[in-house]
Every structure is written in structure tokens, then in C-alpha cells.
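Take these sequences, add in the hints, and give me the full structure.
These protein sequences, in sequence, are chains D and X. Residues in the first sequence are numbered consecutively from 18, following my numbering. Residues in the second sequence are numbered consecutively from 18, following my numbering.
It should be emphasised that the hints constitute simulated quantities derived from the structure, not laboratory data. Careful, some of the hints might be misleading.
Note: identical chains are not told apart, hence a pair may lie in one copy or across any two.
As the list claims (entries may be wrong) - Cross-link-like lysine-lysine pairs, in silico, DSSO-like; alpha carbons within 27 Å at most:
1. 210 <-> 285
2. 272 <-> 163
3. 292 <-> 251
4. 22 <-> 210
5. 61 <-> 251
6. 210 <-> 74
7. 27 <-> 44
8. 227 <-> 292
9. 210 <-> 61
10. 292 <-> 210
2 protein chains.
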Amino acid sequence: MDYRKKLIVKPGAKIRLKDIDPAWHGKHETEAEAAQDLAENVAKLTHLQYLLYAEKKHALLIVVQGIDAAGKDGTCWHVITAMNPQGTTVTGFKQPTEEDLAHDFLWRVHPHVPGLGQVAVFNRSHYEDVLVVRVHNLVPESEWSKRYKEINQFEKLLARKGTTILKFFLYISAGEQLERFRQRLDDPNRQWKISESDYKERAYWNDYLKAYEAMLEQCSTEYAPWYVIPSNHKWFRNLAVSQIIAATLEELKMKLPPPTVDLAQIRKAYHAAAKDPAESKSKARG
Amino acid sequence: MDYRKKLIVKPGAKIRLKDIDPAWHGKHETEAEAAQDLAENVAKLTHLQYLLYAEKKHALLIVVQGIDAAGKDGTCWHVITAMNPQGTTVTGFKQPTEEDLAHDFLWRVHPHVPGLGQVAVFNRSHYEDVLVVRVHNLVPESEWSKRYKEINQFEKLLARKGTTILKFFLYISAGEQLERFRQRLDDPNRQWKISESDYKERAYWNDYLKAYEAMLEQCSTEYAPWYVIPSNHKWFRNLAVSQIIAATLEELKMKLPPPTVDLAQIRKAYHAAAKDPAESKSKARG
Numbered sequence: 018m019d020y021r022k023k024l025i026v027k028p029g030a031k032i033r034l035k036d037i038d039p040a041w042h043g044k045h046e047t048e049a050e051a052a053q054d055l056a057e058n059v060a061k062l063t064h065l066q067y068l069l070y071a072e073k074k075h076a077l078l079i080v081v082q083g084i085d086a087a088g089k090d091g092t093c094w095h096v097i098t099a100m101n102p103q104g105t106t107v108t109g110f111k112q113p114t115e116e117d118l119a120h121d122f123l124w125r126v127h128p129h130v131p132g133l134g135q136v137a138v139f140n141r142s143h144y145e146d147v148l149v150v151r152v153h154n155l156v157p158e159s160e161w162s163k164r165y166k167e168i169n170q171f172e173k174l175l176a177r178k179g180t181t182i183l184k185f186f187l188y189i190s191a192g193e194q195l196e197r198f199r200q201r202l203d204d205p206n207r208q209w210k211i212s213e214s215d216y217k218e219r220a221y222w223n224d225y226l227k228a229y230e231a232m233l234e235q236c237s238t239e240y241a242p243w244y245v246i247p248s249n250h251k252w253f254r255n256l257a258v259s260q261i262i263a264a265t266l267e268e269l270k271m272k273l274p275p276p277t278v279d280l281a282q283i284r285k286a287y288h289a290a291a292k293d294p295a296e297s298k299s300k301a302r303g
Numbered sequence: 018m019d020y021r022k023k024l025i026v027k028p029g030a031k032i033r034l035k036d037i038d039p040a041w042h043g044k045h046e047t048e049a050e051a052a053q054d055l056a057e058n059v060a061k062l063t064h065l066q067y068l069l070y071a072e073k074k075h076a077l078l079i080v081v082q083g084i085d086a087a088g089k090d091g092t093c094w095h096v097i098t099a100m101n102p103q104g105t106t107v108t109g110f111k112q113p114t115e116e117d118l119a120h121d122f123l124w125r126v127h128p129h130v131p132g133l134g135q136v137a138v139f140n141r142s143h144y145e146d147v148l149v150v151r152v153h154n155l156v157p158e159s160e161w162s163k164r165y166k167e168i169n170q171f172e173k174l175l176a177r178k179g180t181t182i183l184k185f186f187l188y189i190s191a192g193e194q195l196e197r198f199r200q201r202l203d204d205p206n207r208q209w210k211i212s213e214s215d216y217k218e219r220a221y222w223n224d225y226l227k228a229y230e231a232m233l234e235q236c237s238t239e240y241a242p243w244y245v246i247p248s249n250h251k252w253f254r255n256l257a258v259s260q261i262i263a264a265t266l267e268e269l270k271m272k273l274p275p276p277t278v279d280l281a282q283i284r285k286a287y288h289a290a291a292k293d294p295a296e297s298k299s300k301a302r303g
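Shown next, in the form of C-alpha cells:
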């Protein structure tokens, strides 16, 4: 099943997150039922990244956003392990440094975009500058309100160079977030990373929803669409994200480049080498 | 089984690669027999990287070197997929650019070393500057001969900051390399990346062995040891590398940091939130 149509934010359309069910899980009822589709998607991703790397005509930028505990880390891990690390990067964008803040908000992001043949995953991104920054008034509205257009222009520049851009908003319910926080509280492996801000931020839930809606409405474009991924079920989140990436890359019709050398010639050289007694000796050892 | 003792290059010791069997495969006879040990190593790596990331007192630098087709890409992929991409990087060092060459040979490497809490894998490294550079006389001996000491000093600096450094030389026989080249020739998926230099470099096999021996003898130190990994069998290569990394990290006795907040307090706040009708409503939806 192709989840793109169902989950895309149509460019220019209005969106109300409250009308979207974060527990939706498509055609499968359980994780076990989805396992085979997921494995197929992962195998496709492996192959498609190899083609992208070999062909060097396209780049892929994947942006992952979502509220705390929405599963950003897990999604990045899931996507990236399908791919050869040679040619892929994951960049996490945390609180900007003083040096970052002395520059325009896209300055710290630009060096990490993928070149042709490469895949880059952003765990958080330049969108933080219209999310947390907006919710907490870290800059005045006269500043953040201009950023939507600047983001679109920036992404257009990347697209024009051959970058396919896919943006995933991982959407969970407030109840699911609470449940995940509680699991962290009871998990000795994760207690160290609990902070007070985790639950203080919950007071801003509706403000965040508004900021997400503005981001989705203003920055879902033909060349860099947003997808809203119902993420209460982790398995469905992984299934949908991997399916959307694979289906999008398949449409690029990428091909392996032809050999750059005369294969018949080289085959002969190998046969000669294989008959060389010095070679046979080392082969016997191996 | 702990392969460290068997495979380490003892600091200060002489080494003759011809005395080492690249087809050695330890206590297991087949890949199937080794599968469970390998899975256990991978699970350990996942957990240990998590500890390293959480504790932020240590860094881990893994250097992978080896002749063409020795399995550098495969090894990097294998190691890194065991770990959360948040906090890990893989850097491949190819031919230096003009800008690289306008600087000292460690300049392009330094920005990619891991910080505390991070893991960095180098697919090729600063050692290329005493390998291919030496074999092909890209700089005079008076230059490359000074680099061994400079490398040791550089690695000492990293170690003093808290970096554990593990260096793996993947060792295959000439016969195994020939066999892998031949497999590439017959694999339509890989024909595009065959180059004439693949087999032209084979003429320098013994020069490379000499350069590898010099590197192993001069740069295996207490704080940054080299391991020679018999790599004719890919499964043994992965088993040995993952075992050595896991065993080394285990000795760091890393611990999760204590919670920074009062968990009892937060637990109460969660209970209150869970009883809030607004929360229950959104929970029901999830």
C-alpha cells in the first residue's frame, strides 16, 4: 500500500491536526502482520540508496520533526540502518550555540545538506526555528514569521540541485506522550535523561499544535512535501516512513552507471593472474 | 573467546604479515556456528554505545584500514548499524583535495574525531599518508618517515582527552583479493565501480605489505593499538572486530548518570496529569 496520498499535506491546503488520528495504522492490525512489508521496504531502501550513491545524479534529504517522545531518534535509526554508512549522514540539531545565533538561522544547517549521491537525515532541523522559537517567543513574530518563506526558498535551492526532500512530522497524542514519559520513569536505563522541561513543555501542547500546523501549511511544497505520520504505533510509523521514502526514490528511475573499463580485457588479466604460480600460492593459503 | 591477545600488534614488536594466516577463523568452523556469538557482540555494542553516549566521559575512535576489497565498507557498516546514529559518525577518507594538500596531513582528519560521548569510525584515515603515499612516492621519504611519530603524538592527544582508539587492519591474501575482484566482474550490480587501478595496484602487493608492516610496528601503542584481523572469512572479520570493540568498552566500566531530577516528584505530576480529563480524552484517542 502506498501511504503517500493519505499522509501528504497537500501544498496550499489547510490542516487541522485534531482531525487526524495519531493511532491510525493503515491496513495492518498488528506489528506482526506488518513485518513482511516492513522488511521489504527496508530491502528496497538498501538497494535504492546504493543506486543513488552509484549514479550520483540525485541527493536525498530526510527531515524528521515531532514533539518530545514522538520517536525521532527511533525513526532516524530505523531509516539509516537500511543504508550503507558510506554516503549517509544523520545530523541532530540541538540548541543553537552562540556562534550559530550570530548567524542567520539557516547557516548551521546548510553545511549538512546532502551532495549528489548522498543521503542526509536531519533529526530536528531548521524547522525548530519556527517551532520552539515561536512557541516560546525566542525571537519576535516579525522575525519568525519571515522564516517560512525563507525555508521554502532554501529548500527550492536544494531541490534545483537535484535533492529529493521528504519531511516527516511524527504525530502522537498527548496521552501517548504521557505514557511514554511514564515508561521512561520506570526504566532505569532511561531515568538519567528525564528533565523537568519534559513535562513543563506539556503545558504548551496546544501552542505546539498551532506552530506545527503553520509549518505544515506554509512549508509543504511540490518540491519538499510534508507528511504527517500517525506515530502512536511505532511499527506503523516505521512502516509508513520507509514506504514513502522507497516509493519516492523508485520514481527517480535511477540506474547503475555503465562500467568505465573494458570488462573483457580485465577478465583476461584476471585469468592470467590466476594461473601465475605466485598467485596460486597465496590463493592456496587463503 | 577474547581475540584481543591473539590479534593485537604488541607495541614495539616486529611483525611479519607473511607469518599470519589471513584465513584463520578462531574457534568457529563456519558462519552458522559463529552466528550466536556475533549476535551477542552486536547486542553488547548497542548497549555500550548507549552507555558511552549517556555518560559522556569517553569517546571511541575506530580506524579501519586494508587493501582494496579487504572489506572496509562492510566492516564499517556492520559496526555502525549496531549503534544509534545519534552520537556516531562514519567518515571515509578518499583522495585528498587541493585544499587538504595545502595543509599538514592531519588537518583534514582532526575535525572528524569523536567528542566525549561520541563514536567515530574512519574508513581509511590519516594512515593513508604512510601507505599509498609511501608506496607511490607521492612525497619524499624524508617527509613520510616523520609521519609515524606525528601520528602517535596526535593519537596520544586524543587519548588524553578520553578517547579510546582501536585500529583494525583487515588482512586478506592476494588470492582472496583476486577472487573478490572476479566476483565483482560477474556481478552486474558492481561492474560500474571496477577500475583499471584495481588490478594495477596488485603489482605493488609486496610494497603494500611492507608499508603495512611499518605502520603496524611504528604506530601500535598502548593508547592506540593496532589489531591484524584475518579477513578472508567475512564472518570471522565481523566477529573479531565486534568482540574486540565490545571487550575494550566493557573495561571502561561505564555507568549511566544518575537522574538529574526528583523522580518521585515527577511521578506525582504524571499521576495528576493522567487524571486530568483533558489528558484522558487525548489518551483515549491514542
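Going through the hints against the structure:
For the identical chains of this complex, residue 210 and residue 285 are inter-copy neighbours only, at 18 Å across copies versus 60 Å inside a copy, given an alpha-carbon limit of 27 Å. Within a single copy, residue 272 and residue 163 get their C-alpha atoms no closer than 40 Å, and across copies no closer than 45 Å, so neither meets the 27 Å cut-off. Proximity of residue 292 to residue 251 under the C-alpha cut-off of 27 Å is restricted to the inter-copy arrangement: shortest distance 25 Å between copies versus 56 Å within a copy. For a Cα distance limit of 27 Å, the shortest separation of residue 22 from residue 210 qualifies neither inside one copy, at 37 Å, nor across copies, at 37 Å.
Taking the closest pair of Cα atoms, residue 61 and residue 251 come within 27 Å of each other both inside a single copy (20 Å) and across two copies (23 Å). For the identical chains of this complex, residue 210 and residue 74 are inter-copy neighbours only, at 16 Å across copies versus 41 Å inside a copy, given an alpha-carbon limit of 27 Å. For the homomeric pair residue 27 and residue 44, the shortest alpha-carbon distance inside one copy (22 Å) is at most 27 Å, but the shortest distance between copies (58 Å) is not. Taking CA atoms no more than 27 Å apart as the test, residue 227 paired with residue 292 passes between copies only; the shortest distance there is 25 Å, against 72 Å inside one copy.
With identical chains, the CA atoms of residue 210 and residue 61 are at most 27 Å apart between copies only, with a shortest distance of 21 Å across copies and 35 Å within one. Taking the shortest alpha-carbon separations for residue 292 and residue 210, only the inter-copy value of 25 Å comes in at or below 27 Å, while the best intra-copy value is 61 Å.
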